[in-house]
Structure formats: structure tokens, C-alpha cells
Amino acid sequence: AQSVTQLGSHVSVSEGALVLLRCNYSSSVPPYLFWYVQYPNQGLQLLLKYTTGATLVKGINGFEAEFKKSETSFHLTKPSAHMSDAAEYFCAVTLASGNTPLVFGKGTRLSVIA
Amino acid sequence: DGGITQSPKYLFRKEGQNVTLSCEQNLNHDAMYWYRQDPGQGLRLIYYSQIVNDFQKGDIAEGYSVSREKKESFPLTVTSAQKNPTAFYLCASHSRGKHQPQHFGDGTRLSIL
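Protein chains in written order, with my numbering: chain A, 237 to 350; chain B, 1308 to 1420.
Next up, chain A with everything else stripped away, as it sits in the complex (with noise of 0.2 Å):
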């Protein structure tokens, strides 16, 4: 079965500086992988998605992530915080075959700090 982690349950950056969002899944055969951003009070939207092809992926709001199959990983990343950014990101993964759903894992809550 697949599962996520993600590492990190509250990140901490200074407005302006990079942010980093680190995701590892395992996953038995090639998998999809999704990042999704989460404002107070509201449902999931999604930032960015790999499915086949180029591992470099962007996103909405200058977000992007890089599928490195070496290393399980699935990191979420952005040049330059900005205030808008404080939310709840997640990370989920689904297998490229077969019936199962996606798994999520359980959140990086990101603080931007003035």
C-alpha cells in the first residue's frame, strides 16, 4: 500500500525567504503525486501535479516540486514567502494503476512572519 510523510508538522520562514515542504511517499509501482494547499475554515485546492513526464512541475502562486524517484521524494518549494502563503499544505500520493484512492498525508501547517 502507499503511504506519505510529511516531514515537518508546522514550518516557520521569514517573509521573503524560500520555503521548503518536504514529502516522501512509498509506493510499490510508479505513483501520482499531489500537492494541495488549505486556507482556515475552507476545503483543499490543488497547487501542482505529477503524473508522467517532466519531474520539475509548477504551480499556481510561484510553487513547484520535483519528483526524484532515487530518493521517494516529492518536496514543495517557492523562491519567496509571501504573507498569503500561511496555510495548511498537503501532500498525497495515488498509484498510476489499479483502484486505490489517494492517501494523504497529515499536513505542514507554513507560518510566514513579517
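Hints are supplied without guarantee of correctness; some may be wrong.
Label-pair distances were calculated between CB atoms; the ranges are [what the hints assert, rightly or not]:
1. A:239 / B:1346: 18 to 24 Å
2. A:241 / B:1376: 24 to 30 Å
3. B:1418 / A:305: 39 to 45 Å
4. B:1407 / A:320: 22 to 28 Å
5. B:1345 / A:237: 33 to 39 Å
6. A:349 / B:1325: 43 to 49 Å
7. B:1390 / A:316: 26 to 32 Å
8. A:265 / B:1391: 31 to 37 Å
9. A:252 / B:1393: 34 to 40 Å
10. B:1403 / A:350: 40 to 46 Å
11. B:1315 / A:288: 38 to 44 Å
12. A:252 / B:1403: 28 to 34 Å
13. A:300 / B:1334: 33 to 39 Å
Derived DSS-like pairs: lysine-lysine, alpha-carbon spacing no greater than 27 Å straight-line [stated by the list, open to error]:
14. B:1364 / B:1378
15. A:342 / B:1364
16. B:1364 / A:285
17. B:1316 / A:342
18. B:1390 / A:342
19. B:1378 / A:285
Just so you know, the hints here were simulated from the structure itself, not pulled from any lab data. Note that the Cβ used here is the ideal one computed from N, Cα and C, for glycine as well.
We have chain A already, so just place chain B on it with the hints.
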């Protein structure tokens, strides 16, 4: 605009009472999902449905029930057997194909009176 509507936004349950959370989508999506969100726990899958009149249990189905009589609707009933129902409940859907991202509603927050 197309989207997913969850209602009500806030819901209170008395001891021994069943309550039903509504989820409606007008995106013409085949698959629909219910998740429970607790602080620090991420999203845990309760039930999902990939086609009308069919659904499967997720990781934490005990104390919950669902139906999928129409493509647009996937209501979740929290029964009295669910002893710790206080949580944020999220409904999601996606179109055919596993690479398709899930679209989420804005959630229902359920509390015990």
C-alpha cells in the same frame, strides 16, 4: 460556476442522534469522496464512490453510512454508533481517471451538544 456544495457549514448533534451531511456537485464528476479531518491527523477517508449505486469503505467507515442514488449527490450520515464525531468533514470529487485532481467542498464542521 461549477463546484461542490456542502451543507450545512456547521452542524450540532445530540447524543444518540443520527445526522446527515449533504454534498452536491455540478461538475459531472463520476467519483466522490468523504474525508474526516482532525487536527494533526490529515485527511482520513471514510467512504468513496466511483459510480452511481456503488460505494466502498475507506479507512474509517465504522459509524458512518452513505448512499449514491444520483451522480450529483453523495450524502454522509453520521450515526449514533460513531462515538467521537466531532470533526471537520470534507467532500471531494473528480472526473474519470486517477490523474485527475480532486475538487473539494468547503466542509462541514460537526460538533456534539
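Original post:
So which of those numbered hints doesn't the model satisfy?
Top reply: When the structure is compared with the hints, numbers 2, 5, 7, 12, 13 turn out to be violated.
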